[in-house]
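Participant: First to last, the protein sequences are chains A, B and C.
Take the first sequence: its position 7, counting from 1, is numbered 7 in the working numbering, and each next residue is one higher.
With the second sequence counted from 1, adding 221 to any position gets you the working numbering.
With the third sequence counted from 1, adding 442 to any position gets you the working numbering.
No false leads were slipped in.
Below are the DSSO-like pairs computed for lysine-lysine, each with C-alpha atoms no more than 27 Å apart in a straight line:
(1) K561/C / K173/A
(2) K317/B / K43/A
(3) K97/A / K173/A
Estimated spans, in silico, between C-beta atoms of each pair:
(4) A348/B / L18/A: 54 to 64 Å
(5) L385/B / D19/A: 34 to 44 Å
(6) S339/B / P540/C: 53 to 63 Å
(7) R148/A / T315/B: 35 to 45 Å
(8) P372/B / G48/A: 52 to 62 Å
(9) E255/B / T150/A: 52 to 62 Å
(10) S339/B / E652/C: 29 to 39 Å
(11) A625/C / S339/B: 28 to 38 Å
(12) S303/B / R148/A: 46 to 56 Å
(13) S303/B / S17/A: 17 to 27 Å
Calculated directly from the structure, the hints in this document are not laboratory data.
Glycine included, each C-beta is placed from N, C-alpha and C at the ideal position.
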Amino acid sequence: MSDAPGDQESLSFAPPSLDEQERMVEALLFSSVEPLSADEIEKRLPRGSDAAEALRLLEVRYDKRGVTLIRVAGKWAFRTASDLGFLLRSEEKTSKKLSRAAVETLSIIAYHQPATRSEIEEVRGVAVSRGTLDLLLDLEWIRLGRRRETPGRPVTFVTTEAFLDHFGLESVKDLPGLQELKAAGLLDAQPSGKFGIQTLPVEDDVDDGEDAPDPDEPELF
Amino acid sequence: MSDAPGDQESLSFAPPSLDEQERMVEALLFSSVEPLSADEIEKRLPRGSDAAEALRLLEVRYDKRGVTLIRVAGKWAFRTASDLGFLLRSEEKTSKKLSRAAVETLSIIAYHQPATRSEIEEVRGVAVSRGTLDLLLDLEWIRLGRRRETPGRPVTFVTTEAFLDHFGLESVKDLPGLQELKAAGLLDAQPSGKFGIQTLPVEDDVDDGEDAPDPDEPELF
Amino acid sequence: MLDGVNDSAAEADNDSLLIDIEGFEGPLDVLLTLARQQKVDLRHISILQLAEQYLAFIDSARELQLELAADYLVTAAWLAYLKSRLLLPPEESPEGEPDADEMAKRLAFQLQRLEAMRKAAARLMARDQLGRDVFVRGAPDPVAVDKQTEWRATLLDLLQAYARTKTRAAYTPLHIERPKIYAMEDALKRLTSTLGMAVEWTLLQEFLPEDWREERLMRSALASTFAATLELARDGIVSLQQEENFGPIYLRRAEKRPS
Numbered sequence: 001m002s003d004a005p006g007d008q009e010s011l012s013f014a015p016p017s018l019d020e021q022e023r024m025v026e027a028l029l030f031s032s033v034e035p036l037s038a039d040e041i042e043k044r045l046p047r048g049s050d051a052a053e054a055l056r057l058l059e060v061r062y063d064k065r066g067v068t069l070i071r072v073a074g075k076w077a078f079r080t081a082s083d084l085g086f087l088l089r090s091e092e093k094t095s096k097k098l099s100r101a102a103v104e105t106l107s108i109i110a111y112h113q114p115a116t117r118s119e120i121e122e123v124r125g126v127a128v129s130r131g132t133l134d135l136l137l138d139l140e141w142i143r144l145g146r147r148r149e150t151p152g153r154p155v156t157f158v159t160t161e162a163f164l165d166h167f168g169l170e171s172v173k174d175l176p177g178l179q180e181l182k183a184a185g186l187l188d189a190q191p192s193g194k195f196g197i198q199t200l201p202v203e204d205d206v207d208d209g210e211d212a213p214d215p216d217e218p219e220l221f
Numbered sequence: 222m223s224d225a226p227g228d229q230e231s232l233s234f235a236p237p238s239l240d241e242q243e244r245m246v247e248a249l250l251f252s253s254v255e256p257l258s259a260d261e262i263e264k265r266l267p268r269g270s271d272a273a274e275a276l277r278l279l280e281v282r283y284d285k286r287g288v289t290l291i292r293v294a295g296k297w298a299f300r301t302a303s304d305l306g307f308l309l310r311s312e313e314k315t316s317k318k319l320s321r322a323a324v325e326t327l328s329i330i331a332y333h334q335p336a337t338r339s340e341i342e343e344v345r346g347v348a349v350s351r352g353t354l355d356l357l358l359d360l361e362w363i364r365l366g367r368r369r370e371t372p373g374r375p376v377t378f379v380t381t382e383a384f385l386d387h388f389g390l391e392s393v394k395d396l397p398g399l400q401e402l403k404a405a406g407l408l409d410a411q412p413s414g415k416f417g418i419q420t421l422p423v424e425d426d427v428d429d430g431e432d433a434p435d436p437d438e439p440e441l442f
Numbered sequence: 443m444l445d446g447v448n449d450s451a452a453e454a455d456n457d458s459l460l461i462d463i464e465g466f467e468g469p470l471d472v473l474l475t476l477a478r479q480q481k482v483d484l485r486h487i488s489i490l491q492l493a494e495q496y497l498a499f500i501d502s503a504r505e506l507q508l509e510l511a512a513d514y515l516v517t518a519a520w521l522a523y524l525k526s527r528l529l530l531p532p533e534e535s536p537e538g539e540p541d542a543d544e545m546a547k548r549l550a551f552q553l554q555r556l557e558a559m560r561k562a563a564a565r566l567m568a569r570d571q572l573g574r575d576v577f578v579r580g581a582p583d584p585v586a587v588d589k590q591t592e593w594r595a596t597l598l599d600l601l602q603a604y605a606r607t608k609t610r611a612a613y614t615p616l617h618i619e620r621p622k623i624y625a626m627e628d629a630l631k632r633l634t635s636t637l638g639m640a641v642e643w644t645l646l647q648e649f650l651p652e653d654w655r656e657e658r659l660m661r662s663a664l665a666s667t668f669a670a671t672l673e674l675a676r677d678g679i680v681s682l683q684q685e686e687n688f689g690p691i692y693l694r695r696a697e698k699r700p701s
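Extracted from the complex, chain A is given alone in its bound form (with noise of 0.2 Å):
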């Protein structure tokens, strides 16, 4: 710390060697838990330095290790190895199980998005029930889209980069089997459904108290 280039330094001075960049670049994933995207580390390393030669050296030596050097939604980040993970486990509580409703939903916003509410109805056929989108948006899987410019204008989903931080993808066109089910046309946006099974909007069993229903409630997403 005490003979470490400080910024003012650096300007006058040749950049760090490869060698010593890469130590550098290694210091800065190891106490990131957020992945660093190769422009992130180079503005944190001093001038002249070359944050991708650095990162590619590094990826080299921590292949096969213990701990990798991976790439997720464009940046980078050292996990451990995926192999390990029995290991590991009792080391973090275990997450709680998605229902099926959730993960449905979540794959459908992922392979379409960004995907209205009804879109989401459409493929599932059945209402998306209260609380799904709730517990996906605060897993931070989901974010709001643009709206759809549609009558209604609906609101949209989108993945974030948490969720490909999660699933370890590097982005969403890596999702597994995306070409084929685009190539069997079924990520294809049909028309409406009007000659297919409708969704039946289903009454949210907490507003029991309601005499009457709400007429601006149905399929505004």
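Position chains B and C against the provided structure of chain A, taking the given hints into account.
Facilitator: Okay, now just chains B and C, sitting in the frame of chain A:
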């Protein structure tokens, strides 16, 4: 993971290679919240493993790296190399949850912008403290908008780009309306229909009334 | 995990489906399970057979007097219609009605899509997940000294906050503020006690209490005071005088007191 040695199997099999043990220790120490003693590590490894030897190998491997394996109080932990501490300076942030008053104030500004202080108070039903607005201004989530051309020419508040960034919104128009919040289960109680929103002053230009909804309004209620 | 009904149930007869009706997520889910019983690729599914399977399923549910949600019955009606249309030679299909083949194709597509999304969901969940298979650094370095407070708030916090304020507003009891009224009793009392000074004709307004002379309150005070003077005039205690309609009203103490 499926082929990971379980406790029972490992009784009847040879322990993993020393190289593999080193990987395991690496992953354990990386993911551990606390430093671990050699004994604690050995308990987590498959039977017959030699934690002390694996730690010795790991110590050599990380010698002079950006991250080093150190002993604190007889336990082991990874730490950033001491000469690289300067890199991590800005990493340290204490994170505090925004107060309820601040989140509510922010949400009202987001939905009703431009909003004057008295409009915010009207919606919240309580006075807005100077500190709350200061904090939001300080965070650069809100800024001053045009003065309202009404008596007193009160200042208005609007949200910023940084606000959109932080909350992962494409635009404020993508915020869901009241009915949509309700449909998503975010609204716990049922507002009493159309009369629920008439607490805003009549002259408030944001509150158009429900009978003539403006399709470009961010609110759908 | 994604299959509410496992394969063995799907291979069993309709009765076992009934037992599991709680496990279904709507008619489309039932249809997908039934379609799997045909043991063909979903692309080659017989929609006519599927419609019959579904109608049989609904019938036996009715026989068992199971309560079926409305959407199950709506789908049954729709499939019965589809079935009749599929059985009709195409040239006899009524003008202006949707083509039965189109409807069948559309349903087949919905089933394929649902199945595809379920498989995709299973593959997604089978990936190495953070905190389950893959772990982050447990103790990020405590090296730094820069203290910076980062204020945390998520979009969900924001939405809930807004929903909360709106809900709270909706539930605020409506207080209709009662306008301040100057009671006639008060006017009578005041007039009686100050009448002694009214030897000469005095403008009615002079009798209003000081703190009621403000614009907003005066109407009430004036009306009550006027009503009180009428009362007193009837009793012969005061005399009133007004020279023209809407003109000023004067009063003074009556000369003769009633016996």
